[in-house]
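Number of protein chains: 4
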Amino acid sequence: MIKVGLVGATGYAGQQLLWILNMHKETEIKFISSNSYEGKEISEVYGNYKKYFDKKLISQEEAGTKLDEIDVLFMALPHGMSEKLAGQALKSGVKVIDLGADFRLDDSETYEKWYKVKHENPEINKQAVYGLPELYREKIKESSIVAAPGCYPTSAILAAAPLLKKNLVKTENIIVDSKSGVSGAGRGLKTESLFTEVNENFKAYNLFMHRHTPEIEQEMGKAAGKEAGVIFTPHLLPINRGILSTLYLDMTEEITEEEIYKIYEEFYKDDYFVRISRELPEIKNIKNTNICEIGIRADIKKKKIIVVSVIDNLIKGAGGQAVQAMNIMFGLPETEGLDYLSMYV
Amino acid sequence: MIKVGLVGATGYAGQQLLWILNMHKETEIKFISSNSYEGKEISEVYGNYKKYFDKKLISQEEAGTKLDEIDVLFMALPHGMSEKLAGQALKSGVKVIDLGADFRLDDSETYEKWYKVKHENPEINKQAVYGLPELYREKIKESSIVAAPGCYPTSAILAAAPLLKKNLVKTENIIVDSKSGVSGAGRGLKTESLFTEVNENFKAYNLFMHRHTPEIEQEMGKAAGKEAGVIFTPHLLPINRGILSTLYLDMTEEITEEEIYKIYEEFYKDDYFVRISRELPEIKNIKNTNICEIGIRADIKKKKIIVVSVIDNLIKGAGGQAVQAMNIMFGLPETEGLDYLSMYV
Amino acid sequence: MIKVGLVGATGYAGQQLLWILNMHKETEIKFISSNSYEGKEISEVYGNYKKYFDKKLISQEEAGTKLDEIDVLFMALPHGMSEKLAGQALKSGVKVIDLGADFRLDDSETYEKWYKVKHENPEINKQAVYGLPELYREKIKESSIVAAPGCYPTSAILAAAPLLKKNLVKTENIIVDSKSGVSGAGRGLKTESLFTEVNENFKAYNLFMHRHTPEIEQEMGKAAGKEAGVIFTPHLLPINRGILSTLYLDMTEEITEEEIYKIYEEFYKDDYFVRISRELPEIKNIKNTNICEIGIRADIKKKKIIVVSVIDNLIKGAGGQAVQAMNIMFGLPETEGLDYLSMYV
Amino acid sequence: MIKVGLVGATGYAGQQLLWILNMHKETEIKFISSNSYEGKEISEVYGNYKKYFDKKLISQEEAGTKLDEIDVLFMALPHGMSEKLAGQALKSGVKVIDLGADFRLDDSETYEKWYKVKHENPEINKQAVYGLPELYREKIKESSIVAAPGCYPTSAILAAAPLLKKNLVKTENIIVDSKSGVSGAGRGLKTESLFTEVNENFKAYNLFMHRHTPEIEQEMGKAAGKEAGVIFTPHLLPINRGILSTLYLDMTEEITEEEIYKIYEEFYKDDYFVRISRELPEIKNIKNTNICEIGIRADIKKKKIIVVSVIDNLIKGAGGQAVQAMNIMFGLPETEGLDYLSMYV
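Chains as they are written, first to last, in the numbering used here: chain A, 792 to 1136; chain B, 792 to 1136; chain C, 792 to 1136; chain D, 792 to 1136.
Do not take every clue at face value.
[Unchecked claim] Only some residues are given here: those of chain C computed to face chain A with a beta carbon under 10 angstroms:
(1) Y843
(2) I1077
(3) L1105
(4) V1136
To be clear, the hints were calculated from the coordinates, so they are not data collected in a lab.
The beta-carbon is built from N, C-alpha and C at its ideal position, and this holds for glycine as well.
Use the sequences and the hints to build the structure in full.
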């Protein structure tokens, strides 16, 4: 049994992660923390657990004193809050999987510029592996600290990687038009997250300045082997969970839709959680799962490729991907605890 | 032109009232207030007004200094906040229409018991007329202060009044099973009002203890001419607006569904905003309107009558009903500014 | 491994059942049928299965020729369609679990009256056990044919059974005010099931005449040991899945809320899938699960008890309950294949 | 009073149009037709009208015999169905406003290619004016037949026109990423329009091949004075009404966001129904209105301009725009019958 601790268990991502860990056959949850609900039982905060699973929420501080009880520490905190405890954990020989943004950007300066927070200990960041198993499985296997990718970046990077790797598309001005369910905004209290504000509404936000932009650019650039520029436009969907990203890519050479499909199928042939589909993907087919589904349309005359991808932002975009990384790090089957389909309705 | 002031313009009820007053041909809006957004333009708080209507939000205090500019003061405040300003207004000869709960209960003690607030000046409460035009049109005409009914009570009282007036149903344990859209909870920040908490969810709340209970009992009792006991069970619907109430009533004598329909049609024959329907009513047919639609089913063998009513909680249950009262108080056609149908979709 | 066949796999209940059987560790799916989609792969009809599970849909007729391949036949058909094939299966020594209404009513005449269909072979109906494990676990164990309860009846019967068994409430005019998500209406094409008709809407339907009424009356009567009369009022909720039922019961003697809670906790103490809760239950806490959650409020002065229950109509109200019955019939742990919690959001 | 007839009154667009005409002070509705519901009263088909407005639905054929009773004929029919009756009407001196696609494309061959229907009488098409008042007000004034623009094209063309007119953006590969509410799919019965299929879902559809593509290209081309190529990607939003379009445009020269805003404000300075906004537009601020709201973001370094526009697809995208055209054709104030704001919630 892998002994795990979880700090930040009461945000939507943290709760989802807890749900998965509770289902997982090879983990034992040693502690869960929450600064907002310290001292309460988790079932008082999330009624789905009542009678079935319970544990008292401790403070993050107390979590820091219990690192010797665990093999791996999951962190689902707002950005700028993970570094110190991550450092402690690493020192104690505990593996770290961080669901926040603190260790996703290779370059500490870029991080500082976009997140307005400094890496106190840039060494930790240097150790961190970007936890997208489909691209970094081998590195994750050997890492002691993994930065689970952001939800939007997961949907965007998986959608573009095969084309970028083969240099089949231009890397300037890649357009990522994304639409996310509301759970992506977290459980914090904001007028714009109220039911009556979101329901029957739709909007774009943070154009040219969403913090996931440098993360997408970094990974698209690495895939292509050269700098990539991304226009990232997030929108807010009136649904609970799910992200759909529509990518607009410019061909560098003529290529048919069928040829592109072949490349994707080959590229992801060993990736259980990526589903390449001839039909355009829909959120309802993957919600509540760790699956990323991808569909492609191409127009040779216009030299345009449109790739559409869907994920569940709380699972493949957060808690599920983190557990997938854990499975890899601990030599378990990658699908352990993650092998369920969408119920469709 | 009727000169109006509005305190509490930025809650959902206040905003709806403002919308109606802005459309109304015979009103001139002299000031609007908001304690939360004092100093902002209303269009900064509600983007629907941008470019079309604007006015700076003043404080409630400042509103008190401008009573000489208006003929009628609308108040859409949390309970316990209306009495002082209402008193001032009345003294200045300004008519008052209060959308809150402060003057709905005849008995100040009952008010105090349920709302945990005292009437400092019970005289004001005594002057107040319960502003349900279908039952109190004549009194409203002559009143200087009107307490606009609560949203749930409006749906319940209109549904039962004809049967109560004729003593065709028992007055003990009248069951009112109501379901309301989320705007009824207001625009305040509460975890349980977040989109992700309400969407795809449904729940009952405040059983046996919702504050609208004494209001419903008071008015049902008055209609019946004897004390009435109500079991009121509110539920939260994942929609923006609308209330549907299902009432279970016990016949005192045998009566057919058709006879009951006749009674309702007769009772409401002069009420433009009450629609008696042989089909069961649906929220989509009345949302965004001042209409209350009522359908009836009866089972003589079981001696049960079920009455189903629907209203838009923000209009017939708040701003629309308040303007309907104003129209009556100022001798205007009752439908002025209120004469639009639901767009259905 | 239990070899199973499923006829009616492409309705929402059938699909949910298939989902569960696919996750179940002890079953092997031998065939699935669909009259509407015969010849297609299930993944062409429900995209959630793509790449992960597939099987060609055969006709119901062909299913009849494959009974020798299976141990148990699940049937999820419109009413009036199960009898013939069920008879064949029983003759071949195949156990039958029917999710439809054909064998739920003990009295063939009552069935005929409400469903306008005749039992051609009333013997089958006589053999059938009402498949509510919490009340009939022992009988299910020994049965060869089980009628899985209707969704509304499941929510109503579990909510009232403990009080009825102890004769603590009157059995005349038990009010069951239920609200169901749209999947309960099935996947058939009807204008009133369109998104634009249901969304932002709410309505009651089939008052005094919904076909689940005699089923609820039968089981409430059996629990009480005397005839029971039920007023059943269904409503349509704009959500995908979930039923909340609000029951109004009249005390036969004075009893406190706390005493009632004790009775319920004792009554269901061995029932893994019933959760008694001091908080009022919410659909989001049980959706996508086989759990029925129940909350209670009582008012001694009014001699009224309100019981609120929630289930997922497609799981505890259909596919999950059917598999729970199968587990019992085949001596498996009752929770096999059903042991997951709601993801909350 | 303008005497109007309406064929196709029971689709969502037709119903919306009827709603507006019923509110309009200068119109008298002489007949309404529906092939699906011939012989019924409109209030039997759309319950919002009950008691307030009614008229029997006649057949389209019968409508053809009543052209002498009207001044203007509105047609809201599926494509390929308007030509014959339009021709009759024009011959009788009746003005025609067609909400369908039959007369939107200048080039009959393009129409035939995309819609697989032939113009029997191409002369009618030649007479038709594209009914976008903001671009063709003067032409509409003098026209006898107007083709009301498609919903998606309205949102796209208004968003891009000012930049195209000034040749500030490239005209190849203009990306229009649009998201529409479900009412755009009409009231026809399709599995994919069921509540349970759309709710909590999101998808893209008809990539590179949606029929609104040539219409957008035609009008963008005309605005720019040269051929325009458009990548149009529609998506289906789980809301009743509203379209948001996100346009990606390539600068031909460096220009700041502020300069672009100035151009838009100038361009639309006399257009009551276009609102240029410094905040990004949201559907909730314009739903149930005839307003198109537009927001702009630009990045000089990337040489990209993103324009976001929102409309109500049934009003500015259908019935409202048609009435706006009628107002212009008949010399009425353009805002007559259309002057209401969104209720926000």
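Here is what the structure says about each hint:
Annotation: interface hint on Y843(C) holds; nearest CB of chain A at approximately 6 angstroms, less than 10 angstroms. A cut of 10 angstroms between beta carbons decides the hint on I1077(C): the least distance to chain A is about 8 angstroms, and the hint holds. Hint status for L1105(C) relative to chain A: holds, with the closest Cβ pair at about 7 angstroms, below 10 angstroms. Evaluation of the V1136(C) hint against chain A yields a held restraint, the C-beta minimum of about 5 angstroms falling below 10 angstroms.
In this structure, every one of the numbered hints holds.
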